[in-house]
Amino acid sequence: MDYRLRLAKRMLFNKKGSLIGAVLAVTIGILVIHVNFVIFQGLFDAIVRDISDYRNGDILVTDEADYIDKSDLSLVNWFERIPFVEAATPRLSSTAEMNMTKNGKLIEETRIPIVGVDPFRDIRASTVHETVTEGNYVFSRNTIVLGSNVARDLGGAQVGDSVKVLVTDRYGQDQIRRFTVSGIANSPGGQGFDYSAVIHIDTLRDMMSRSGDTGSLMVKLNDPSKADEVKEFFLRSFPNDDFLAETIEESAEEQLAGFRSGIAMISMIGYFGMGSSAFAILTIQMMLVNGKTKEIGIMRAIGAKRKDILILFIFQGIIIGAIGACIGTAAGLGYTVYADITKMSFNNSLPLEVTYNWEKIIQTALTSFILAIISSLYPSYRATKLLPVEAMRSV
Amino acid sequence: MSSVLELVNVSKIYGEGDSEVKALDNASFSIKRGEIVLIVGSSGSGKSTLLNMIGLLDSPTNGQIFIDGTNTTSLGDNKISSFRNTKLGFIFQFSNLLTDLSVLENVLLPIQIAGLSSTAEKDAKDLLKAVGLETQMHKRANKISGGQAQRVAIARGLINKPSIVLADEPTGNLDSVTSGTIVQLMKSMAKKLNQTFIIVTHDREHFGDVDRVITIKDGKAFEGDQPSTMEVLA
Chain A
1 MDYRLRLAKR MLFNKKGSLI GAVLAVTIGI LVIHVNFVIF QGLFDAIVRD ISDYRNGDIL
61 VTDEADYIDK SDLSLVNWFE RIPFVEAATP RLSSTAEMNM TKNGKLIEET RIPIVGVDPF
121 RDIRASTVHE TVTEGNYVFS RNTIVLGSNV ARDLGGAQVG DSVKVLVTDR YGQDQIRRFT
181 VSGIANSPGG QGFDYSAVIH IDTLRDMMSR SGDTGSLMVK LNDPSKADEV KEFFLRSFPN
241 DDFLAETIEE SAEEQLAGFR SGIAMISMIG YFGMGSSAFA ILTIQMMLVN GKTKEIGIMR
301 AIGAKRKDIL ILFIFQGIII GAIGACIGTA AGLGYTVYAD ITKMSFNNSL PLEVTYNWEK
361 IIQTALTSFI LAIISSLYPS YRATKLLPVE AMRSV
Chain B
1001 MSSVLELVNV SKIYGEGDSE VKALDNASFS IKRGEIVLIV GSSGSGKSTL LNMIGLLDSP
1061 TNGQIFIDGT NTTSLGDNKI SSFRNTKLGF IFQFSNLLTD LSVLENVLLP IQIAGLSSTA
1121 EKDAKDLLKA VGLETQMHKR ANKISGGQAQ RVAIARGLIN KPSIVLADEP TGNLDSVTSG
1181 TIVQLMKSMA KKLNQTFIIV THDREHFGDV DRVITIKDGK AFEGDQPSTM EVLA
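The listed protein sequences correspond, in order, to chains A and B. Numbered according to this note's numbering, the first sequence spans residues 1 to 395. Numbered according to this note's numbering, the second sequence spans residues 1001 to 1234.
Heads up, some of the hints might be wrong.
[Stated by the list, open to error] Derived DSS-like pairs: lysine-lysine, alpha-carbon spacing no greater than 27 angstroms straight-line:
# : chain 1 : residue 1 : chain 2 : residue 2
1 : B       : K1161     : A       : K294
2 : B       : K1079     : A       : K385
3 : A       : K305      : B       : K1125
4 : B       : K1161     : B       : K1087
5 : A       : K9        : B       : K1143
6 : A       : K294      : B       : K1139
[Said to hold, decoys possible] Partial pick of chain B residues on the chain A-facing surface, computed with a CB cut under 10 angstroms:
#  : residue
7  : T1086
8  : L1098
9  : D1100
10 : I1113
Worth flagging that the hints you see were computed from the coordinates, not collected in a lab. C-beta atoms are modelled at their ideal positions from N, C-alpha and C, and glycine is treated no differently.
Throw the hints in and build the complete structure from the sequences for me.
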């Protein structure tokens, strides 16, 4: 082992307080980044996950002319032949007025978003049916799933209640139908259909006088990283149609833009924390250099060059950085595993999407490690400037 | 015998103008290989200043210092460091060992700085045996007595087979019995290895017979230590 490394190690380990302080500074810097990542990136990913699972899929196909008039069955079959596609399902949306008589009192609600789904395809491409906490999904044409907030606003609608729904068709005529509530949907985080109602797509088509029309096609992939590839392939395959196809990042851009800047700000705070750690290391290293002034003088007297002293204290920075990066990364990973195992949720509702972003983990560890070395450059340089005779006089 | 050290009109002046102090005034002398030379003088006479300059730890204001024929006053910092490492050995008053290292590692340090030689560890162990510390070599340097630490310092000063060993008050911090042992040890090592020793001390009696004595008085160097026979070295 190089004598400078051995001496750096001994000097550091014989000053346990300083070593612990410096390592702790690196560890905390890394841990802050990990915790921020788990919470805020986890929250962002959870929202993306829910938007993707409930509403947009990995690819959302629409038409420039508002409605897709091509057969939904043929499009679904076309997509499902692609190996990367898990499933595809058509959706149709509108707004409705609803009323319900509860305890002899008529309660009316207006402008409720209503979504038509093909239930047997929908349960393969979406997990919105899993948000039905009471009752069942809309497996028949005269049933309706009410979002929990809609049910509440209707005076506490329950499974089995009867609800009258009014939808204005394409010709401006009001179409009224009576539905039986088959289920109540309640999603943690509110990205589901809590403020909407779900009925069978064919029923909604009838009510809107849009037989065979589809509002959007939600495509779920078994490998979301292939979204761009599948999207481009789809658009190339239907050059004469006016289809629009967007990946989840594109279709949810408006919803996610705010979160992105929030995450960027939180990350900045994390990196500021790391900067503070670097400053703490610099201070501790300065103390270490001051505490070893006499030793530096002795080494210089017996022939050590300025370069040797510089390397010795840079080795100390490397040791601090390496130990701190290992402990910090281990602690950060420990927190991530804990969040994963306990299904940590945001505000006790939306379960965070915990991911192990190894690139980010390695990048954080490396950044801290390099910062620790950079922080020790100035104290190391100061150490080289000590004159042997004066340094040896130090007690 | 050839000169291992030669000082030519060496002066050291601290301060400027009215506050100017001549710590060393135009000293010129040479020392031959294998000699044991004592530099004596009262406190503040300039003997440590002289030793620091011979040890290349400080530079003279005027004059030249030749070690093994090389004019050291014209060397850059890196060369001076290498020179200190290979040509000079140091024994300090307080031994100045690195307390983070073991006895053996302290002795090995100069040779490691120079770039470890294949026989380094054997040489270090032989030296520690010669100074009577073969059983203490793996102890931490702060776990041995003052006398033992000074023996380690002697071994460390000799490990690179320097041209000159410089000792600054090597017995100044020791009791009289231990001082006597250290003096004998230095003398025997000097004889055994034909090693030049330049020893700064204010305690002339402890060293008994030596090859030469240089007295520093008011910054001037004199040959000898008897006022009646002292001859200025300028």
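Going down the list of hints, with the structure as the test:
At roughly 24 angstroms between alpha-carbon atoms, K1161(B) and K294(A) fall within 27 angstroms of each other, so this suggested pair holds. Taking the CA atoms of K1079(B) and K385(A), the gap is about 16 angstroms. The hint holds against a cut of 27 angstroms. For the given pair, K305(A) sits about 25 angstroms from K1125(B) by alpha-carbon distance, which is consistent with the 27 angstroms threshold. With a C-alpha separation of about 8 angstroms, the suggested pair K1161(B) and K1087(B) falls inside the 27 angstroms cut-off, and the hint holds.
With a C-alpha separation of about 19 angstroms, the suggested pair K9(A) and K1143(B) falls inside the 27 angstroms cut-off, and the hint holds. Distance check on the hinted pair: K294(A) and K1139(B) sit about 21 angstroms apart at the alpha-carbon level, within 27 angstroms; holds. The interface hint given for T1086(B) holds, since its Cβ lies 7 angstroms from the closest Cβ of chain A, which is under the 10 angstroms cut-off. With a least beta-carbon distance of about 5 angstroms to chain A, the hint placing L1098(B) at the interface is held under the 10 angstroms criterion.
The beta carbon of D1100(B) is positioned within 10 angstroms of a beta carbon in chain A (closest approach about 4 angstroms), and the interface hint is therefore held. Against a cut-off of 10 angstroms between C-beta atoms, the interface hint on I1113(B) holds, since the closest Cβ of chain A lies about 5 angstroms away.
Figure legend: structure checked against the earlier numbered hints; every hint is met.
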